[in-house]
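If you want the building blocks of each chain, they are given just below.
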Amino acid sequence: PQPLRISLTPILGSAPVLFGVEWGFFTHEGLEVELIPLASQRDRLFAFQAGQVDAVIADVASVVMLAARGEPLVVATAYVPEDPAKQFTILVQEKYSGIASIEDLVAALGSRDFFRIALPLQSDIEYATDTALRAHGLVPDPRFYFGQDNLFIMASMVVYGMVAAAVLPEPYASFSVKFAEAEGLGLTALEDFSGVPLLPHLIVFQKRYAAEHPEDVRKFISAFGAAAERMNKESKEGLLSLGAPEVLRLFYRGQNPEEVLVHPSVVAAIEAVSVPYFPEPSLLPKEVYEAVHRWALEKGYVRFEHPYEEVVTDEYLK
Amino acid sequence: MKQALHYLAAATAIFLLWALASFVLEQVKGWPVIPYPWSVAAAGIEYLPQWGSAFASSARRFFLSLLLAFATGLPLGLVVGASDRLHRWFSPLIYLLYPIPPIALLFFLYMAFGVGETVKVVTVSLTLFFQVLVAAHGAARNISPSYILAVRTAGADALQLHRHVILPAVLPEVFTAARVSVGLGITMLYIAETKLGLLGGPGSGLGVFIETYAMRTDLSLAGVVGLAFLGLLFYALLEVLERWLCRWKYVGKG
Amino acid sequence: MKQALHYLAAATAIFLLWALASFVLEQVKGWPVIPYPWSVAAAGIEYLPQWGSAFASSARRFFLSLLLAFATGLPLGLVVGASDRLHRWFSPLIYLLYPIPPIALLFFLYMAFGVGETVKVVTVSLTLFFQVLVAAHGAARNISPSYILAVRTAGADALQLHRHVILPAVLPEVFTAARVSVGLGITMLYIAETKLGLLGGPGSGLGVFIETYAMRTDLSLAGVVGLAFLGLLFYALLEVLERWLCRWKYVGKG
Amino acid sequence: MISVEALRIEYGRGRRRTLAVAGVTFQVADGEFVSLIGPSGCGKTSVLLAIDGIIRPTSGRITIRGEDVRGVRRDVAFITQDAGLLPWKTVRQNAELALRLQRRPREGVQEILRSLGLGGFENRYPAELSEGMRRRVGIARALALRPEVFLMDEPMANLDTLTRERIQEIILRLWHMYRFTGVLVTHDIEEAVFLGQRIIILSPRPARVVEVIENPGMGEVGYRRSEEFYHVVVKAREILKSLEER
Amino acid sequence: MISVEALRIEYGRGRRRTLAVAGVTFQVADGEFVSLIGPSGCGKTSVLLAIDGIIRPTSGRITIRGEDVRGVRRDVAFITQDAGLLPWKTVRQNAELALRLQRRPREGVQEILRSLGLGGFENRYPAELSEGMRRRVGIARALALRPEVFLMDEPMANLDTLTRERIQEIILRLWHMYRFTGVLVTHDIEEAVFLGQRIIILSPRPARVVEVIENPGMGEVGYRRSEEFYHVVVKAREILKSLEER
Ligand SMILES: Nc1ncnc2c1ncn2[C@@H]1O[C@H](COP(=O)(O)OP(=O)(O)OP(=O)(O)O)[C@@H](O)[C@H]1O
Ligand SMILES: Nc1ncnc2c1ncn2[C@@H]1O[C@H](COP(=O)(O)OP(=O)(O)OP(=O)(O)O)[C@@H](O)[C@H]1O
Ligand SMILES: [Mg+2]
Ligand SMILES: [Mg+2]
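Going down the list, the sequences are from chains C, E, R, U and G. Residue numbers for the first sequence follow our numbering, so the first one is 353 and each next one is one higher. Residue numbers for the second sequence follow our numbering, so the first one is 998 and each next one is one higher. Residue numbers for the third sequence follow our numbering, so the first one is 998 and each next one is one higher. Residue numbers for the fourth sequence follow our numbering, so the first one is 385 and each next one is one higher. Residue numbers for the fifth sequence follow our numbering, so the first one is 385 and each next one is one higher.
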């Protein structure tokens, strides 16, 4: 039988898949899973649409955009951060930009032509940032942003001052702040995503694949849930020692774990990362879907409305 | 006139083939994989201000790059090509450096030129520069000795030789090279506009436009059509320029 | 022989200029912005297995792309160029499609060729395809009518005409185009390796090698040098091939 | 016998139409050698190409040995102005080319090359030969077909006097040996007189036959230095001059 | 007076060394017209280029009016084989080119063009002219310099008989008018005899003077059809033939 091809994003929501493979939860269910590493979010979505992968771990904005084209099937919530205000972080280089607060940032965006925030476009992060800026009375403009969908490159850029500000999810944000501190580079974290709903990470399947292999989808989700449950029980150290080299191998190929993971700044930065609680897979809330969908319509990222019911189903949850 | 007609016919053919492909794929796959040309046109019109500003930015950028490449590559190529000694010493240098893709050196380019407009223009024109250089160099080596003899027997100095013989003699070949460069240059423009990250909103260039609306195939295809138009525009420009500068080539052929 | 000497001199010149630039920048900026050539060499040697495997993968990929581009572009260009009618109808089509960068149509490429190795090779060869097509087309249009008359009066049919006249007549120009394509192709290879398809490790291509070690300038420059070598290798290959296939061009000139 | 009747050739269509040949009639008997001379651009090459079957006449009729000409015939050889050697083929390959294209056995080529003084050069490329040798390779190629009819379009153009005369003598010698039917197009008056039993003079474009000069002395030993030769040359020159002044 | 003494010209160095001219000596008196003839590749062009100061002799001495030749002189005009017209310049621009390069006033060009039958074609490009007209533009360019010395390197090559003779006559007429000192290089025997008061015959490479034929009848009315012309042509042909056989 064909393995289930799934493309991962280097975000926390992918962690249960990684550990599930590592701990053998999928093979235990009789499911062979093939991890497909792709260069960027855009690539992952293209590959999904083109039918080259059967499933992806993605954010809500991606799901909205995929819904507009290929009628995917959003199955389940993979991970929900505990605190909506802390799901993303705005990082600024205070030294170069003179920005110390969210108000400074809003003022800088409004007045300085060249000032830009690095973030992945067409993503939950862009949605959240738009919403946050609007809450501070600023009409979002695409010219505010510097689109970069490789989170690692973005983190490096803001750490080394190549951009003055960036918006990053966990664990990138905590990692970058600590790493910069350890390297003697100042990096300030501004958090103001209080008005933003919780944006879960999602497991997305091709509709056709789900129709043809409904059992495999159920098995996958149940193994995923089992892996998440075990993760919640493991210690942070145990998870890190097992997961970090795996993450490097998958997303940052060529970085030698024995070299990278002992680097003092990296060690310090990893220390700062907190492992969240992974809930049972559940349905994507309708309000969240609709809020992001509305935003995507306004932005011109999608053209037509796609009702929640056509996209999200609980058919495969248990 | 007649040529314009053929271009029109070709455009129509592309249009029809495209529509056909859209239709067939829609039937086979069950969803509109490739949007129909008319929906692309509609999307383009809906976003006309952005599309127009993207087109204008890309066109300006491309024009600058082309200009820069020619202003530097042409004289250098002529001088190196026209002298046997310079040719022997410099052409290996050119050929050693030529295959190095400028984007591989992007990091250093960013350091030298920042992340703004300059680095894009520099990246594109660096690529074109070598094309022009190699073409001008080759053309200068192939100039008929009879032309050179003609002006030398009339007592021309080196500068006059370049002005009256070498430059006009290589122009046709340089125009051919320029036409080839347009295709290549547009590819490089796209890369320069998107490789580093998307800067400045969809109105700041067709590359950014295409990637920003990547998930809206109709809009992003409108951007791709924009790139094709841009290429065509420069072709037409070069054609007009050549017909004027090299009008001696077009006489006596009906 | 003598040419090899000039290449050696050029390589030395590049080496010295590079070292000088490193030195000057280090003095000015206070930190080693551009690593010295010897530290790049050392880094390359340290990572030799990876570097070697990256080089081999890239070379294989590039060779395949070049082959594919020539196998398709050359016959098509010749056929379209050699016939007035086909030329009139097809060349506008070529020029309309030529400026569209294939990576702008990534989604369709993925759909057609998957996300694996194929799509990378296809993207590179698509770009080269147009270069070869345009060159072969132009060359076929410039064949001296006296050659054609010579074989037609001897009773040649269309196939024989292509085999005995058109193909050998365009070969030199096609080789020139191929040389020009090497530079462009390497750029596209870099893009294909870093921007699309399955992500590989640093051993899976020089492009990935360069990007993986972007923060280690010495290693990533070793990758850039690898690209330059790759280009040079293909240059030399084409040179040898041309001297063999077009040996009639090199006789009677000492 | 070659028979050309009311041959009319037009190029292009509509506004671009050019009338190149406007009704030319002449015959060439088997084994006869005639030369065709006329102002440049008058349509000489067009007539020859029509006889070879490469271009189709707009109207009129051309027969060779009573058969209508339709396409290139195996028993007709054509020599072009610059011999049309392919620079990427060696002397031998060039000489064998016509045979090869017609899928005929390639024997005898070696001997023809030797008889034309090209022995030892079989594996050289055209670029390594002198102009005179190149023309001889072109003649060898034609000769290899063992043709009944030889059509020659200015085969001696752009040669210096002595080389030209030497090739003219080679052609004459070959004609004496094989007695092919020959048609020579030239713009050199002396050449036309040296190699034509009859000299057909064509008018400026569109070509018409203006006059046919009989030249019975052609082929005699030392003809080039005879009084008769001189007089025919003068006569042909007068006619051609008068044509231009019209 | 042009004086060429023991002129020796070598090309290249080391293993690639070619001796093109091996000691050529001759004089041309003021107002005299001589022709230089020799087998192809023998070194004729080299001699002419040396006189024009474009190439530097390996040894030997060249003087014009007693002055050593060093570089291109203003009073010397050179006409090349194909007239060397620049295709991107109009007839007038081509004719004015030499004057322009030497920064001299461009008057009189119009009249020269008209006298050569090129009136009305001033703004045409070379591609629009017949071959004969192109040669005349080349002559106009040379004439515009009002030179004392005319050097001509096969100016009538690749022309048909009638056009060639017409240009020969134009050159003769100009010589009668201006009495310049002329050196004509040619490979056409009749041309050499028609335009040379003396005919200098050179050996195959490396060039040496083999024989100088006096040709006092040159320039007389109807010379081309005279007995004398015919005899000089035969004599020159004999000598050249004997050279090749050696
Ligand atoms: N393929 C063609 N298409 C259109 N016109 C042509 C073509 N070939 C020849 N012509 C025209 O037909 C006329 C006769 O041409 P042709 O080559 O037969 O003359 P020619 O006597 O051989 O000339 P030349 O002395 O220059 O060889 C010329 O005016 C020429 O411009
Ligand atoms: N620039 C050069 N470098 C090397 N050899 C040369 C050069 N120019 C001429 N030669 C050689 O010198 C010899 C004489 O050449 P030149 O052109 O003077 O002869 P020519 O009598 O004018 O020949 P043609 O009748 O072909 O015009 C030839 O063998 C030629 O190969
Ligand atoms: Mg002709
Ligand atoms: Mg010469």
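Treat the hints with care, as some may be off.
[Claimed, not checked] Just the calculated beta-carbon pair ranges, DEER-fashion: (1) E:Ile-1042 - C:Ala-459: 51 to 61 Å; (2) C:Val-612 - E:Thr-1009: 49 to 59 Å; (3) C:Val-612 - R:Leu-1002: 44 to 54 Å; (4) U:Met-385 - G:Gly-415: 32 to 42 Å; (5) G:Arg-458 - E:Thr-1069: 55 to 65 Å; (6) R:Ala-1010 - C:Gly-489: 55 to 65 Å.
[To be verified] If you want the footprint, here are the derived chain C segments under chain R, 3+ residues with CB under 8 Å: (7) 378-390; (8) 584-592.
If you are wondering where the hints come from, they were derived from the structure by calculation, not from laboratory data. Glycine included, each C-beta is placed from N, C-alpha and C at the ideal position.
Verification of the supplied hints:
1. E:Ile-1042 - C:Ala-459: 51 to 61 Å: violated (37 Å)
2. C:Val-612 - E:Thr-1009: 49 to 59 Å: Holds, since Val-612 (chain C) and Thr-1009 (chain E) (Cβ atoms, about 57 Å apart) stay within the stated range.
3. C:Val-612 - R:Leu-1002: 44 to 54 Å: Holds - the Cβ-Cβ distance for Val-612 (chain C) and Leu-1002 (chain R), about 45 Å, lies within 44 to 54 Å.
4. U:Met-385 - G:Gly-415: 32 to 42 Å: violated (59 Å)
5. G:Arg-458 - E:Thr-1069: 55 to 65 Å: violated (37 Å)
6. R:Ala-1010 - C:Gly-489: 55 to 65 Å: Roughly 59 Å apart at Cβ, these two residues keep to the hinted range, so it holds.
7. 378-390: holds (count 3)
8. 584-592: violated (count 0)
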